[in-house]
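Engineer: Given chain Y, put chain E in place with the hints provided.
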Amino acid sequence: MKLATTVQMAAAALQTNRVRTALTALGVIIGVGAVVTMMAIGAGAQSRVAEQIRSLGSNLIIVLSGSITAGGVRLGSGSQLTITEDDARAIQREVTGVDVAAPVIRGGVQVVFGNSNWSTALQGVTPEYFRARDWDVTSGRALTQDDQDTAAKVTVLGQTVADNLFGATDPVGQTVRIKAAPFTVVGVLSRKGQSTRGEDQDDTLMIPLSTAQKKVLGTSQANARSVATILVKVADPARLGEAESDIRRLLRERHHLQPGQDDDFATRNLSEILASQEAASRVLSLLLAAVAAVSLVVGGIGIMNIMLVSVTERTREIGLRRAVGARRRDILGQFLLEAMFVSLAGGLIGIVGGIAGSYAIGYIFEWSVLISWSAVVPAFLFAAAVGVFFGYYPARKASRLKPIEALRYE
Amino acid sequence: MRPVRGGAGLESPLIETRQLGKDYSLGDHVVHALRDVSVTIGAGEMVAVMGPSGSGKSTFMTILGCLDTPTTGQYRLEGRDVSGLDDDQLSAIRNRRIGFVFQQFNLLPRITAQGNVEMPLLYRDVPARERHERARRKLEVVGLATRAEHRPSQLSGGQQQRVAIARALVNDPVLLLADEPTGNLDTRTSAEIMAVVQALHRTGLTIVLVTHEPDIAQYAQRILSFRDGELVGDEPVQNRRDARAA
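Going down the list, the sequences are from chains Y and E.
Heads up, the first sequence is in the numbering used here, so the first residue is 1 and it goes up one at a time.
Heads up, the second sequence is in the numbering used here, so the first residue is 1 and it goes up one at a time.
Each hint should be verified, as a subset may be incorrect.
If the Cβ cut is set under 7 Å, some of the chain Y residues that face chain E in the computed set are [as the list claims (entries may be wrong)]:
id, residue
1, Thr16
2, Asn17
3, Ala323
4, Val324
5, Gly325
6, Ala326
7, Arg328
8, Ile371
9, Arg400
10, Pro403
11, Ile404
Calculated from the structure, these hints are not laboratory results.
Since we're looking at a predicted model, the values are computed, not measured.
Each residue gets a CB set at the ideal place from its N, CA and C atoms; glycine is no exception.
Chain Y with its partners taken away, still in its complex shape (with noise of 0.2 Å):
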C-alpha cells in the first residue's frame, strides 16, 4: 500500500477518536515542552555564568613579580620587583596573540576631598589597562598616553571612591588629595562589582604609572621601572595556554635565567575558574534536560499504552482489513505512522509550548533563557523516535494477529 494512503488511514483513525488523541499527545507535548524549556534555562544560566567570568578577565593573564629569599627566608611573590615596565612592552610586542600588555603598580593610600577622606588601593597603570580589563569610564575620561608621557597629576576613580568622598556631586574636575599632593579627577569609571575572592573591584583609583612611581609610590631602588604586575590580555581565549609559556620563556631569558634556575616571577590566570563554574553550569543544565527527558520518556509509555488499548480494541477491524487483503506491513505501517503521528504533533506542539514557557520564565523570573536550534532539533527527533520505539511493540503485536482470531474476536 502507498504510504499516502497509509498517512490518510491513520489521520482518519486519529480524528475519530479526538479526546484520546490530544491526551496521548499530551504527554509528549509536555515532555518536549519540558526538554526545550530545560534546556534554554540551562544555556541560558550558562552563558551568563561565562560572560560574568569574561567581565573578570577570563582572557587574561597576570604576570607578578617574584620573591626573594633572604637568609633561607622566602619573602613570598611580590616581595622584590623582578619585573618591569620593560617586560610588558616585550611581551606586547613579541608574543604571538597577545592584544596588550599593562604594567601596574600598586599601593594603600588616603585620599582628600574637603573633609571626607576614603583609605583605597591606588593603582599607577598606563592607558593599556583599561582595554587590558575591558574597563570604561562612566563620566570624564580615561588615562591617556600623554598623562603617561608627562607623568600627570590627574586621576580616576572607581565607583566606591567617587560615592564615598562626593557623594551625589560630581567627582570630574574636582581635586583631591593623594599623599598631600592635589590631583585633578578626570573621570570616574564604571561599576565592576566583585571578583571572584569577593573583593570590591570599584574600591580604587588610578593614576599615571609614570606619576605613580616618580610622585606617589617611588621606585624601587633596584630598578627605578620595575613594576608588581602585568595583566596581559589574549585575543583569542582559547589560546590563553600557548600565550602563557611564551611569556614566561621570553620573561626567563629577558631574566638571564639558566635553566633549573626557579622563575623569578610567576604567572596565573582565570581560565581555570571559569572552566570549572563553565562545567558546573553544563552539568546544571544536562541534569535539567535528564529530568525533561525522562517526562519524554513517560509521554512516550503513554503513547504506547494507549495504542496497545487501542489495538486490542480494533481487533476485529485488524482481522477484516487482514482478510480483505491487507498484508502484515500493511497493518503494522498503519499503527507505526499513527503512533508518530501523535508523537510528532506532540513534538511540535510541544516546541512552541517551550519556546513560549522559555520566554515567560525569563520574563517573570528575570533569568536569562537561550534558545537554540542545537536543543529544538534533537527534542523533535528525540520525540520522533519515542513515537516509533514506543509505537513499534503495539503495531507489531497489531500486525501478528492471526486473520481469523481477529475476525472472531469478541
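Structural biologist: Using the frame of chain Y, we list chain E on its own:
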C-alpha cells in the same frame, strides 16, 4: 471488465482439496478440526457447507478463504497449490481472488458505505477516482447506490449486509465465501440477501455458503455436510429454492 473466471479454464476445477487436514494443539492433546477432506468445486457452482458447530465447517471455510493454511493435504485454487504460500502471497490472493461476507457484517463503523466498499482497493493501490467508481458500481449491483454516503449505524441489518457484499465484490473475485450471511437477519431480510447472492451466482460467480440452517442451504445447488471434522455428505439439492419467489 469481467474478472478472468477460473484462470485455468474448464479443465481444472476452481477448488480442489486432497486429504485436507487441520490440527490444533490444545495443551497436551491435539484436536483434529479437519480430517481427510477431499472435495472439488467447479467454477460457477453454488455450494452450501453444513454441519453443527464444531463439525469443522468453519475451519474448512477458513482454509478455502486462505485465512489459514492446512496442516496436511493439498488445496488448489484455480489450479494453483496455495498450501505452501507465505503470508504476503495469501494476502494478495484474499485481496484479488476471494470475497468474504460475514455473519457480523464487519463494517468499519466510522466510515461511509462507500468508504467501506472502497477499503479492499486501498491494499492494491487503486487510484482514488477509480476506487470511487468501482465502489459506486458495486453498490448499484446490491441496490444501495442511494445510501452510499450513509454510515453503517444509519443502515438496517439487511442494508449493512448488502454493503458487505458490495465490499466482497469490489475486487471482482472468482470466489465468494459467505459465513452465515443470514445469521443475524430475520427471515424476510434473509430471503432478500439470498436473492442478491443467487443473482450473483447467475452472473457466473462461484459461491460457497456456510450455514447451519437447512432453509438457507436449500438456496444452493449442492450441499456438503460436515461432522467431527470429516466430510460426511455431498449431495445435490433436489428442490432448490429461488429467493426471487419469496
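Engineer: All the hints need checking, so say for each whether the structure fits it.
Structural biologist: Here is what the structure says about each hint:
no.: 1; hint: Thr16; in the structure: 5 Å, holds
no.: 2; hint: Asn17; in the structure: 9 Å, violated
no.: 3; hint: Ala323; in the structure: 5 Å, holds
no.: 4; hint: Val324; in the structure: 4 Å, holds
no.: 5; hint: Gly325; in the structure: 2 Å, holds
no.: 6; hint: Ala326; in the structure: 5 Å, holds
no.: 7; hint: Arg328; in the structure: 6 Å, holds
no.: 8; hint: Ile371; in the structure: 40 Å, violated
no.: 9; hint: Arg400; in the structure: 10 Å, violated
no.: 10; hint: Pro403; in the structure: 5 Å, holds
no.: 11; hint: Ile404; in the structure: 4 Å, holds
This entry does not satisfy hints 2, 8 and 9, going by the numbered hints stated previously.
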